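Starting from the known structure of chain F, fit chain X onto it as the hints suggest.
Sequence lines, in order, name chains F and X. According to numbering that gives the first Met the number 0, the first sequence is numbered sequentially starting from 0. According to numbering that gives the first Met the number 0, the second sequence is numbered sequentially starting from 0.
Note that these hints are calculated values from the structure, not bench results. None of these values were measured; they are calculated from a predicted model. Each residue gets a CB set at the ideal place from its N, CA and C atoms; glycine is no exception. Check the hints yourself; a few may be wrong.
[As the list claims (entries may be wrong)] Computed Cβ-Cβ distance ranges for the label pairs, DEER-style:
#1 F:Gln-19 with X:Lys-471: 18 to 26 Å
#2 F:Gly-4 with X:Gly-369: 24 to 32 Å
#3 F:Gly-4 with X:Lys-279: 52 to 60 Å
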Amino acid sequence: MRGPGLERDRHELIRDLAQQAGVPVREDELPQVAAIYAELLLLLDTVESVQLDVEEESAVALDLFAWETVPEGPVAAREGDAP
Amino acid sequence: MTGSEGLSRRDFLRGRALTGARRDEELSGLTIAEAARQIASNAISPVELMRSVLARIQRLEARVGAFVTLLDPEQCLDLARDAEHDIEMGGYRGRLHGMPVGVKDTHYTEGVPTTARSPILDDFLPRFDATVVAKLKAAGAIVIGKTNLPEWSFGGATPGTHNPWNLEVDPGGSSGGSAAAVAADMLIGATGGDTSGSVRLPASVCGVVGLKPTYGRVSRNGIVAISWSLDHVGPIAKTVEDAALLLGAIAGHDPRDRTSSRRAVPDYLARLKTGIQRWKVGVPAPALLETYDRDVCNAFYEALQVFRDQGAMVHEVAMPRTFFAAYACQRIIRVVEAAAYHRRYLRTAADYGPGSGVRHQVLSGSLLPGAAYLRAQQVRASFVRELRAVFSAIDVFVTPAREMAGPPGPTGARPFNTIFNLSGFPAISIPAGFSSEPPGLPLGIQMAGRPFEEETILTAAYAYEQATDWHKRRPEL
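This is chain F alone, in the form it adopts within the complex (with noise of 0.2 Å):
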């Protein structure tokens, strides 16, 4: 679908995504809000493409600067982490 057609459904898609997150977005601001959500789903694509192994998976890093107290090597598996 090309043409207002699909801006119509992009808009749509922003007033429920909205609704959810318990936003307030203005009609007048659909089109520059449905731009960047667009160039933020492409960001999101590359992101995703990156494979990683089942370790670094499993390991959800959100200790984000672990690496302060290991000085080097790969991190290492902590108590409690889901084998």
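Just chain X now, kept in the frame of chain F:
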């Protein structure tokens, strides 16, 4: 600032003036190290230095537009008199004592407006100083102004501020006010914030030094956030030595910032002048610089020859396999964390700046699924591990400071800047030449190092700086 409200830039310029002040601006051109030497030897006084800087500001601020708020000049002079008295009485606190400095208007300053250039924070008067501000004051520095930035620090430009090298050109962002003020000798030194290169980029565009420390090295307590896991605070200075002095003053553990490191702060001057003989300098493959301006590449390759001349070994290093995803990770993490920070404002206030892209960005970030953020963090962790492996074989990694002469637009991609926000590794940008097209704009190079090895990048930067004279050039204003 000591609890009294600052003047708006306009009030200052209208002339709560420097009655009787000596209009000599000469001292404003000193570096921190030079001024400190002269103060220590009684050749100049902190009051003379302050008068000189205030005179410079009064003459130039209408053209440069570096400040959001300036302290009352009489109060600045009072604080300089206090510093002078303390020094005379034997209470010398070190090389920052009596230095007029500025901080980005994201830094909380007790009783002084802190707006982040957002209408939402127009009336915000913090009840405490950011840790960085408190540390600068404890070191004897005199915080005389809050420097300009784009709304909420979003973007690579600083509307309202003009580049001292060409007043029709933007100084870069988001710490553009700090960089422009230091370049124009309107401050002896300053600090800024760096989430996507926002200290290094404007420093490079304005021909001064900008240092983004390791994540956790400098407290973010009392700093208006963009993105908690990407934000850093660092110095902007006229020379590498001054950047080292400022970093030494603001670094260190802060119990009020849980991301703050407990590692001891070294003396950043101790190894500064030890040289880079036999150092391994890593550089990116030329293919990764294909989109860079010719002037930028020429300056970069000339800089590499300077490193070789200093005895360093320069060789290409391969970027991690996740390199091309790193920029995307940084963007996603930044916008989602910003959305979380702004949620309270999105719900309760619509008064972002006119035509504000900030509101649109944070709204868009609010719509991404949680899984997207988590995936970006997982890839980020992988990238950091891979980058550590790259850096294990080199002492320092050198790139151009930016892709083009002059600042990029608000959406300009800066992968070699943002990867060091994503990884938390320290990086510094220093002057490395001037452009031919557009003519006369400063160019820079960036040096990055392993986590908590700020000493290493400072040593490399100092060696390059001392072998060149780019840092000695000043804009004619």
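query: For which of the previously enumerated hints does the structure constitute a violation, in increasing order of number?
result: Result: hint 1 breaks, nothing else.
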